[in-house]
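Chains as they are written, first to last, in the numbering used here: chain A, 1 to 504; chain B, 1 to 284.
Misleading hints may appear alongside valid ones.
[Stated by the list, open to error] Estimated spans, in silico, between C-beta atoms of each pair:
no. : chain 1 : residue 1 : chain 2 : residue 2 : range
1   : B       : P139      : A       : Q188      : 51 to 61 Å
2   : A       : S161      : B       : D120      : 23 to 33 Å
3   : A       : F95       : B       : L238      : 37 to 47 Å
4   : A       : N237      : B       : D120      : 53 to 63 Å
5   : B       : L12       : A       : E371      : 22 to 32 Å
6   : A       : L480      : B       : D24       : 56 to 66 Å
7   : A       : A263      : B       : D122      : 51 to 61 Å
8   : A       : N237      : B       : P139      : 53 to 63 Å
9   : A       : I31       : B       : I78       : 23 to 33 Å
10  : A       : S161      : B       : L12       : 41 to 51 Å
What the hints contain is simulated information worked out from the structure, not anything from laboratory work. Cβ coordinates follow ideal geometry from the N, Cα and C atoms, glycine included.
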Amino acid sequence: MLKKQLEKLLNLAIPEKFFLSIVLFLFGVFISSFLNFNLGLWIAVVFLIFSSVFTFEEFLFKKRIFLSIYLIVFSLGFFYFQFYEFYQQKHSSLFLNGSSLSNIEAVIVSLPVYQEKTVELEAKLLLPYQGKILIKTNQYFQHFQYGDKIIFSGKFEEPKSFNDFDYKSYLAKSNIYSIVKYPKIEIQNHHQGFWLKDFLYQLRVSFQKQVDKIFKEPQSSFLNGLLLGDKRNLDKNLEIMLQKTGTIHLIALSGFNITIITAAVFAFLLSLGIARPKAFWLVVIFVFCFVILTGASASVVRAGIMGIVFVLSQKIGKPYQIRNALFFAAFIMLLLNPKILRFDFGFQLSFAATLGLIYLLPFFNNLFKVEKGGFLKWREIVATTFAAQIFVLPILILRFGYISIISPITNVLIISLIPYTMLLGFIAVLLSYLSLWLGIIFGFAAHTLLSLEIKIINLFGSLKFAVINFGKYSELVFWLSLLIFISYLIYKQKRKYEFISIKK
Amino acid sequence: MNLSQSKNKNGLIILGLIFLFIFDFFLWSFIFQTPKFVEADFLDVGQGDATLFKFPMSGQILIDSGDGIKIKNALANIEGFFDRQIDVWILTHANLDHYGGFLRLVETNPPRLFIYNGFDSDSQSFKELKRKLEESHIPILILKAGDKIKIGENQFFILWPKNDFESKDLNDSGLIFKFQNFYGKMLMLADVSKKITNNLSDLKADILKVGHHGSKTATDEQILNLIQPKIALIGVGLNNRFSHPHQEVIDLLTKIGSQIFRTDLAGTIKIIFDNQLEIFPLNH
Chain A
1 MLKKQLEKLL NLAIPEKFFL SIVLFLFGVF ISSFLNFNLG LWIAVVFLIF
51 SSVFTFEEFL FKKRIFLSIY LIVFSLGFFY FQFYEFYQQK HSSLFLNGSS
101 LSNIEAVIVS LPVYQEKTVE LEAKLLLPYQ GKILIKTNQY FQHFQYGDKI
151 IFSGKFEEPK SFNDFDYKSY LAKSNIYSIV KYPKIEIQNH HQGFWLKDFL
201 YQLRVSFQKQ VDKIFKEPQS SFLNGLLLGD KRNLDKNLEI MLQKTGTIHL
251 IALSGFNITI ITAAVFAFLL SLGIARPKAF WLVVIFVFCF VILTGASASV
301 VRAGIMGIVF VLSQKIGKPY QIRNALFFAA FIMLLLNPKI LRFDFGFQLS
351 FAATLGLIYL LPFFNNLFKV EKGGFLKWRE IVATTFAAQI FVLPILILRF
401 GYISIISPIT NVLIISLIPY TMLLGFIAVL LSYLSLWLGI IFGFAAHTLL
451 SLEIKIINLF GSLKFAVINF GKYSELVFWL SLLIFISYLI YKQKRKYEFI
501 SIKK
Chain B
1 MNLSQSKNKN GLIILGLIFL FIFDFFLWSF IFQTPKFVEA DFLDVGQGDA
51 TLFKFPMSGQ ILIDSGDGIK IKNALANIEG FFDRQIDVWI LTHANLDHYG
101 GFLRLVETNP PRLFIYNGFD SDSQSFKELK RKLEESHIPI LILKAGDKIK
151 IGENQFFILW PKNDFESKDL NDSGLIFKFQ NFYGKMLMLA DVSKKITNNL
201 SDLKADILKV GHHGSKTATD EQILNLIQPK IALIGVGLNN RFSHPHQEVI
251 DLLTKIGSQI FRTDLAGTIK IIFDNQLEIF PLNH
């Protein structure tokens, strides 16, 4: 029986082999992320030796070696996580924790996060020190930018977790091991970062400022969320409402927004009379720049890579396999930073939602009879919402302890308006560069749509039965649903093989 | 092909006409909605003060702006989409819970004139505010007791600080205003403590912006007897760390028969200076 299964594994088509290798790599990274560093390193080394020997053996006996390649891929994933962590800690500011230092030089390496009365800056220490740190400052009135060279004095502290939130791992995910609270900061120099990033971030800041000039609150921060994934100034109350109605994905810049923007740019380029092949490359460049401009959050990077794979597959005339594109994107992202698999909430949500779309959308399309259409395309949206949400739910429960049960309704009411809102808002901003009042007059259309969407969200979010609260059972629910999901997969796989053997 | 194209074209024209019609409707309603009476909006900006005065067929004055977190939401709540020019900003004194909102607004909606009491704060954020005002060439005017702002029939009398007043406590340097027109009087006590306000004269008013967010350092029985307010406004955030407003002050106000409106409970409070002196709490 086992031998038969293995035989089947060996006879898989190339795309299937590719897929399985990546899955095993991800699995290696995942297992590894739970293990203590030193222990993990040892296990990894043993694994690597073991699998090399295995390969060698098979090679010697002239057998097909695909099985041990799977083993090696798994060990590579396992080892890569440990190696990455080891390397990052070695080059971090970890040993500075607990000491107070003065006149430290650093460069701001990401977009400053402006909150109510504080600003959070990710900064890279300059020699003689190294590593990234998080600076929390109350100089929120000051205009910090990416690429600013700063000089500060303060105490390096180890990040502490609070309210069940593992803040330490959250920061360690971005290779930040120290936090400096309320130091005195002086900006010495501007534009010390990477030129393209610097340019795109300036574009972003200028764009946000125009949005702020045209629109009022909370419409302005909602639109900034839709177009740039920026929820800096978003009203806390509205944010909770968005979570309760299951619509927070709209302003987190999901693949949905990227698809809209990419499609709009592509249509625009074609309408200019640019030839299709040329337009493809322009779109690829645009997507690349847009991913950087939006701050390269996990969901955007994922959507960006998948988009580029799609465009490439069109170009070389090979069929686009969305599942493989998704796992390929995950693989690339884990190569850049393997820690996101376990510690980046956005990555998990985005990955799970896409997985849900791939595996469950056909089922729900069937269930809701999508081909019939319907008002506001409600069938399609409900099917999509269910497919995307089902995989996301366990993660949401684990993180927030509650889930939204009215999310299909709110999504149907809002989603069909979103592309128009984005387009009208974007045009208003472009016009406002010509004349602010032109932008304001045109922006009224987007304002109306935004106000309508916010009204719907507030209305449904304030319903008592909008959410189901799991409280202390959240963890139990999470593991249970994981169990159900895995047994379903195994069941399905088994059925598939039985089906094949009957056919034979 | 041709048919569907012309259909598309027709659709576009109809869409354009609908858009124009809606636009026209809003433009005219905007023109007809221009109010006849002075309106004062005591804004809900959390822990802090902000009051917007709107004058019919004339400009708008914003007195203080809260700490900045909620100012944009609060303004958007009472203003239409096209209504965005505030002509004059007045800062009673250089405390963050009064000028933070100006910092928030200075880049997107700068005023034409900035008025304050001339007492600068050492804090970096205040310096930043002044730098930004100067950068945008906005004139800065210092007013003292005895000065007066006149807008048609409406007048703001400035009762404090006196010309020779010097103090290290920024709260005590605050500009005290008395707004007055044919329909009513409104006294705004900034954050000034009672040892100063008790020595002022001519305080009687219908509406009182209670001093220092309802702190007992700013209000006692003596001053309330001088003012005799029918309506008391208190700008506070819910569960603030100073436990403002103090119970003593609430008791005193109740005792003297004032109707109390708090921004933490009632949201923004809209006051119309007409025959009845109408008050609308715009509960959030």
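Now the hints, each set against the structure:
Taking 51 to 61 Å as the suggested C-beta distance range, the pair B:P139 and A:Q188 does not conform, at roughly 33 Å. The hint said 23 to 33 Å for the Cβ distance between A:S161 and B:D120, and at roughly 42 Å that hint is violated. Our hint of 37 to 47 Å for A:F95 and B:L238 holds, since their Cβ atoms are close to 44 Å apart. The hinted window of 53 to 63 Å between A:N237 and B:D120 is violated, with their beta carbons roughly 35 Å apart.
About 29 Å separates the C-beta atoms of B:L12 and A:E371, a value consistent with the hinted range of 22 to 32 Å. Against the hinted window of 56 to 66 Å, the Cβ-Cβ separation of A:L480 and B:D24 comes to about 59 Å, which satisfies the hint. Roughly 54 Å separates the CB atoms of A:A263 and B:D122, a value that falls within the hinted 51 to 61 Å. The beta-carbon spacing between A:N237 and B:P139, approximately 37 Å, falls outside the hinted interval of 53 to 63 Å.
Roughly 57 Å separates the CB atoms of A:I31 and B:I78, a value that falls outside the hinted 23 to 33 Å. Look at A:S161 against B:L12: about 57 Å separates their beta carbons, and that is not inside 41 to 51 Å.
Checked against the numbered hints listed earlier, the structure breaks hints 1, 2, 4, 8, 9, 10; every other hint is satisfied.
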